[in-house]
Amino acid sequence: MVDSKPQLNVDSYSPSLLVAKLHTYFRDFLDYYEIEKGRVLSSMETVEDERKLEQLREKLQQLGEQAAYMGTLSDSLSAANRLLHAKGVVVDLELDDEIYKIHHSTEP
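Note that the sequence shown covers residues 15 to 122 in this note's numbering.
A portion of the hints provided could be inaccurate.
[What the hints assert, rightly or not] Listed below are the simulated SDA-like cross-link pairs for lysine to any residue, each with C-alpha atoms no more than 25 Å apart in a straight line:
id, residue 1, residue 2
1, K51, L67
2, K35, E50
3, K19, E62
4, K51, Q75
5, K51, L36
6, K35, L67
7, K73, K101
8, K73, D106
9, K66, A93
10, K51, P20
11, K73, D25
12, K51, L87
13, K35, D106
14, K51, K101
15, K19, E72
16, K66, L77
17, K35, E72
18, K35, Q80
19, K19, D106
20, K19, H37
21, K51, D106
22, K73, K35
23, K19, L70
24, K19, K101
25, K66, D89
26, K35, D25
[Stated by the list, open to error] Ranges between beta-carbon positions, derived for each pair:
id, residue 1, residue 2, range
27, K66, P29, 45 to 55 Å
28, G102, K73, 21 to 31 Å
29, D89, L55, 20 to 30 Å
30, L67, V105, 52 to 62 Å
31, R53, Y83, 30 to 40 Å
32, D17, V103, 52 to 62 Å
33, S18, A94, 17 to 27 Å
34, V105, Q21, 32 to 42 Å
35, E62, L97, 18 to 28 Å
36, T60, G85, 23 to 33 Å
37, D106, G85, 28 to 38 Å
38, S26, R71, 43 to 53 Å
39, T60, A100, 45 to 55 Å
Since the hints were derived computationally from the structure, they do not count as laboratory data. C-beta: ideal position from N, C-alpha, C; glycine also.
Build the full structure now, drawing on both the sequences and the hints.
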């Protein structure tokens, strides 16, 4: 899990590696928002001021929406990632073997 905002650093990547990186990026953002939700929930336990509590509820709702978006993006890219790495798809789309191999280097 990632508890700091994820960064996306993609430079000269193949399409399949870019999709894999994007999948990881959005999955990490989902984790980030889930951790933030946990922090907000924890801080709500000690707050007695109703105005502050309402602000935290709004923040929790916002984080929930952001997590839902990131979850949807992550799921979609997971499907694209699996599809781009299916041997049959690589053959059918006539993807260059070198592009396919780049993803399987030491770079995740």
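Which of the stated hints cannot be reconciled with the structure, identified by number in ascending sequence? Violated hints (numbers, rising): 3, 6, 7, 8, 9, 11, 14, 17, 19, 21, 22, 24, 25, 28, 31, 32, 35; every other hint is consistent with the structure.
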